[in-house]
Amino acid sequence: MIRFFRWFCDPDLVEDLEGDMIELYEERYQLNAAKAKTLLVWEILLLFRPGIIKNFEGHKNLNNYGMIKNYLKSAWRSFMKYKTFSAINIFSLTIGMAACMVIFLFIKDERSFDAFHDKKDKIYRLCEVQSFPGTNTQNVALSMSGMGPTMTTEFPEIETYTRFWNWGSQLLELDEKKISIENVAGVDSSFFEIFNYPLILGDPSEVVDDPLDAVVSENVAIKLFNRKEVVGETFVLDGDQCIIRGVMENIPENSHLQFNIVLNIKSAALDNPNFDNQFNSNFLNTYFVLNEEADLKNMAERYPDYLSRNTGREDVNERYKLFLQPLQDVHLASMDIEHDYNNHRKFNGTYIDVFILVGIFILIIASLNFMNLTTARASNRAKEVGVRKTIGAIKGQLFNQFILESIMLSIMALIFAFVLTLIALPFLNVLIERQLTLQAIITDPQLVSIVVGISLILGILAGIYPSIYLSSFRPVVVLKGFKSYEKRSLFRSSLIIVQFSLALGMIIATLVVIQQLNFMKNKDIGFTTDHILLLDMNQQTREKYDEMKQAFLNESNILGVTGSGQRLGNNFHQWGFKVKYDTGIARVTPSNVFVDHDYLDVYGIKLLQGRTFSKEYSSDEGLSFIINESFAKELGFDDPIGQKAGHSWYPNDSLGTIIGVTEDFNFNSLHYKVNTLSMVVHTDWGFSEMSIKLNGNNIQQGVKDVERIYDQFVTDYPIDYKFLDSHFDELYKSDVQMGAVISIIAGLSIFIGCMGLFGLASISIQRRIKEVGIRKVMGASVNELVTLLSKNFTVMILVSFLIATPITYLFISGWLENFAFRIEVNPLIFLVGGMIALVIALITISFHVIKAARSNPVNSLKYE
Amino acid sequence: MSKVSIGEFEEIVMLTVAVLYKDAYGVAIKKDLEKRSKRKVSLGSMRTALKRLEKKGLLTSEFGEITAVRGGKRKRYFKVTPYGKKVLEQVMETRRRLWDAIPEIAFDI
Numbered sequence: 001m002i003r004f005f006r007w008f009c010d011p012d013l014v015e016d017l018e019g020d021m022i023e024l025y026e027e028r029y030q031l032n033a034a035k036a037k038t039l040l041v042w043e044i045l046l047l048f049r050p051g052i053i054k055n056f057e058g059h060k061n062l063n064n065y066g067m068i069k070n071y072l073k074s075a076w077r078s079f080m081k082y083k084t085f086s087a088i089n090i091f092s093l094t095i096g097m098a099a100c101m102v103i104f105l106f107i108k109d110e111r112s113f114d115a116f117h118d119k120k121d122k123i124y125r126l127c128e129v130q131s132f133p134g135t136n137t138q139n140v141a142l143s144m145s146g147m148g149p150t151m152t153t154e155f156p157e158i159e160t161y162t163r164f165w166n167w168g169s170q171l172l173e174l175d176e177k178k179i180s181i182e183n184v185a186g187v188d189s190s191f192f193e194i195f196n197y198p199l200i201l202g203d204p205s206e207v208v209d210d211p212l213d214a215v216v217s218e219n220v221a222i223k224l225f226n227r228k229e230v231v232g233e234t235f236v237l238d239g240d241q242c243i244i245r246g247v248m249e250n251i252p253e254n255s256h257l258q259f260n261i262v263l264n265i266k267s268a269a270l271d272n273p274n275f276d277n278q279f280n281s282n283f284l285n286t287y288f289v290l291n292e293e294a295d296l297k298n299m300a301e302r303y304p305d306y307l308s309r310n311t312g313r314e315d316v317n318e319r320y321k322l323f324l325q326p327l328q329d330v331h332l333a334s335m336d337i338e339h340d341y342n343n344h345r346k347f348n349g350t351y352i353d354v355f356i357l358v359g360i361f362i363l364i365i366a367s368l369n370f371m372n373l374t375t376a377r378a379s380n381r382a383k384e385v386g387v388r389k390t391i392g393a394i395k396g397q398l399f400n401q402f403i404l405e406s407i408m409l410s411i412m413a414l415i416f417a418f419v420l421t422l423i424a425l426p427f428l429n430v431l432i433e434r435q436l437t438l439q440a441i442i443t444d445p446q447l448v449s450i451v452v453g454i455s456l457i458l459g460i461l462a463g464i465y466p467s468i469y470l471s472s473f474r475p476v477v478v479l480k481g482f483k484s485y486e487k488r489s490l491f492r493s494s495l496i497i498v499q500f501s502l503a504l505g506m507i508i509a510t511l512v513v514i515q516q517l518n519f520m521k522n523k524d525i526g527f528t529t530d531h532i533l534l535l536d537m538n539q540q541t542r543e544k545y546d547e548m549k550q551a552f553l554n555e556s557n558i559l560g561v562t563g564s565g566q567r568l569g570n571n572f573h574q575w576g577f578k579v580k581y582d583t584g585i586a587r588v589t590p591s592n593v594f595v596d597h598d599y600l601d602v603y604g605i606k607l608l609q610g611r612t613f614s615k616e617y618s619s620d621e622g623l624s625f626i627i628n629e630s631f632a633k634e635l636g637f638d639d640p641i642g643q644k645a646g647h648s649w650y651p652n653d654s655l656g657t658i659i660g661v662t663e664d665f666n667f668n669s670l671h672y673k674v675n676t677l678s679m680v681v682h683t684d685w686g687f688s689e690m691s692i693k694l695n696g697n698n699i700q701q702g703v704k705d706v707e708r709i710y711d712q713f714v715t716d717y718p719i720d721y722k723f724l725d726s727h728f729d730e731l732y733k734s735d736v737q738m739g740a741v742i743s744i745i746a747g748l749s750i751f752i753g754c755m756g757l758f759g760l761a762s763i764s765i766q767r768r769i770k771e772v773g774i775r776k777v778m779g780a781s782v783n784e785l786v787t788l789l790s791k792n793f794t795v796m797i798l799v800s801f802l803i804a805t806p807i808t809y810l811f812i813s814g815w816l817e818n819f820a821f822r823i824e825v826n827p828l829i830f831l832v833g834g835m836i837a838l839v840i841a842l843i844t845i846s847f848h849v850i851k852a853a854r855s856n857p858v859n860s861l862k863y864e
Numbered sequence: 001m002s003k004v005s006i007g008e009f010e011e012i013v014m015l016t017v018a019v020l021y022k023d024a025y026g027v028a029i030k031k032d033l034e035k036r037s038k039r040k041v042s043l044g045s046m047r048t049a050l051k052r053l054e055k056k057g058l059l060t061s062e063f064g065e066i067t068a069v070r071g072g073k074r075k076r077y078f079k080v081t082p083y084g085k086k087v088l089e090q091v092m093e094t095r096r097r098l099w100d101a102i103p104e105i106a107f108d109i
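As you go down the protein sequences, you meet chains A and B in turn.
Residue numbers are given in the working numbering: position 82 of the first sequence equals residue 82, and the series is strictly consecutive.
Residue numbers are given in the working numbering: position 78 of the second sequence equals residue 78, and the series is strictly consecutive.
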């Protein structure tokens, strides 16, 4: 501490002050040793003040502090002298940096998914490529219950496996209480050793070892028992008594698996000894841990052999191909995977690349702006350069000076950017439904240094050209009267062109994205999604389905009630289907859904041929099928109505009949083509969801009626409902969020571009003010002058339009490939985008142009 | 008006230096100041004030002899210069005149 004092203290004062301090210290030391020490430190800190601190300029000729101080001073002066320019300069950089920071935070958040597992590099999810006859080929995240155990024994590369079987909402019985808990799942005993979901209580290696062992999350523990230490407690699930062996922390938001309770998977297969060797259907997720030597390609070659030996099906390799998906791809690279039910907040990873690109773009635009304005403003600093050179500054020194200035500006911009991000984040979080915080950057020293480093580099890069330009002035020329060193700068124009090309590209892209999103929102998907309330079914509602339906229908605000086995908006499960041709029985695998008789009426699905289900025909229970147009085409009958068909497990001699064909409707999201579909009525199977159509004029009353009637019938389960249109909105969330980000960035980049243009216009018009004056004296009208002055800028915008168009077209049609149902790219869009940019640009410069054109020529000419 | 103006704190410091006369060095000034004005004074603020006054020419200073107690560091003794004395007198004179100018009833509120 004393050494620190000696370092900073003025050498004139050092001796006696130190003496004073030691004297005081010794005196206090007698009284209280510890206190004396802290007081000494405190005193030294108090001494660190102007007046005591030595003058660092003092050591003359030993360093350049003085010179640098002067640089900073002159930078500050020129900054204050041209406030508008400097503000534009800094502000555009600030916006660019802030946008990048937000994008960075967003990407960091998305990338953090599943990153907390120690074995994350070795964990893989088992997926299948299914190519069933009569349906589209699809990638599926589900697998069979026998695959995990048997593959682990057959493939030496696989260290362990765990399965994850989501049982959805379950009713837990606790003494007299019945509590419904969402996201209950079955897993294998290795689950907590493979995934690092932290346990508060319990040993990860044995918490779910035996059937009926359970681990609950903190929240569930509190909900069930009002405390966290619940190990050893029991609850009843499905008639079985389960024991809680462990308590886990609540599953973090950035985990693709979400669950509140996990049980040993065998709990659901107590009377099924064959569970580990079963290959009939795909209904759970399987995860493997591979060892270091594992070679995915090599393993893939052995899958067909494995499948044919284990599944006992001859055609299995024609229908199934297995592949392993790395854990880190699950969140961001699963857009092409269907039946992906356990993938929380799945996001389209290619959008991450788009965001990175867009972030780089806006930084480029901002730094080009910076370069351009600094260079254009050169004439203001020309005299300074001249004087400095005359006094003896060499080129290198001047170069350093201007680089230093530009670094200073970029650091200032960085500070503002932090503030701006801090202010903007809460609003953005609402818009994109995230919880991003700046803490993610600030608390990580490595990131802070990267951010600061980037802005330093940015400052240097953006400063290089202006510095070279400025430092190369020749003093004689400059000092003689640097009026117009005016060769039209090709370089500067091309900078503007690059800026505007990028901004234009983004504007056009935004327009197309918005169009596509609107298209998806408004496309007639073949059934109604408005005012339909989806009510989750449970044991009690299943038992009382008919009575409840009747009670609902008695309400005036409820227009229709129907049941179904699956929710619209996903691909439906695919089951085997048999069709009888003259030549024999054919097996196909369309999507299937079982529904109530009035399903088509409630959803307004249009029939092309035949009739809808009706209670008047007893055969409509399980033996009548309504197929969609695609399926009818696939089957190839001249008249599909009346053809014999049935589920794959129906005996060949007792098949049902196809009674109707519907229009193709988009039961899956619009990313996918319409699959072949067969609908059938099975009221005895128990629907999983009731669809209730409400009167659109009185939705609130309708919802109240639903709740009231539900409470009359159901005592054990809380009501759980959702509106169909909000469910559909979720399907396109990823796309909508990307659209929002792109539009914001596009807006910002055109804004930055315009700020640059504004500054530039003011400079270049300033230079031509005499020309304008003379022309005006000669008789030019205001209109002519405006046209003359705007011409340059218009040409630049046109050139950028020509550059931006083809590149944007390529990009945007690539994006549209993501959608099976998409708009055509309309050339008009490009024109509209171009026009928007042109109009905005012209408005921006018009301020200066009109001012110049209308000014009195006397003012501009009288100084000559 | 090329009069040197001094602040209230500076004035007190100077007066204390004058009071202590031969013994006016850092710690002594600090202690005396704290005792008389009943307020805490940090070494730093006092030392800056002393430095400022010296620069203005109101005080002079010289090092004393080396003693063993202070870690071998010399004391710096301060003295009020004649010019300093004049300034102090001026300050007092101004105050006095102001006091005299106050009508008696001004405080009888």
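Hint data in this document are derived by calculation from the structure and do not stem from the laboratory.
From the three backbone atoms N, C-alpha and C, an ideal C-beta is built for every residue, glycine too.
A few of these clues could be false.
Part of the chain B face toward chain A, derived, beta carbon under 10 Å [what the hints assert, rightly or not]:
#, residue
1, V27
2, S37
3, G44
4, V69
5, R70
6, K86
7, L88
8, Q90
9, T94
10, P103
- Message: Under 10 Å is the threshold here; is the Cβ of P103 of chain B close enough to any Cβ of chain A for the hint to stand?
- Response: violated (42 Å)
- Message: Quick check on K86 of chain B please, does its C-beta sit within 10 Å of some C-beta on chain A?
- Response: Interface hint status for K86 of chain B: violated (25 Å vs cutoff 10 Å).
- Against chain A, run the beta carbon of R70 of chain B and see if the smallest gap drops under 10 Å. holds (4 Å)
- Measuring from the C-beta of V69 of chain B to each C-beta in chain A, is the shortest one below 10 Å? holds (7 Å)
- Query: At a threshold of 10 Å, is the proposed contact between G44 of chain B and chain A supported by beta-carbon distances?
  - Reply: This interface hint holds because 4 Å falls under the 10 Å limit.
- Should the interface hint for S37 of chain B be scored as holding, given a Cβ-Cβ cut-off of 10 Å against chain A? violated (18 Å)
- With 10 Å as the cut and Cβ atoms as the points, is Q90 of chain B at the interface with chain A? violated (25 Å)
- Message: For the restraint on T94 of chain B, tell me whether the closest CB of chain A is nearer than 10 Å.
- Response: With a minimum Cβ separation of about 27 Å from chain A (threshold 10 Å), the hint on T94 of chain B is violated.
- If you take the shortest Cβ to Cβ gap from V27 of chain B to chain A, is it below 10 Å? holds (5 Å)
- Query: With 10 Å as the cut and Cβ atoms as the points, is L88 of chain B at the interface with chain A?
  - Reply: violated (22 Å)
The structure fails hints 2, 6, 7, 8, 9 and 10 (numbered hints given earlier, in ascending order).
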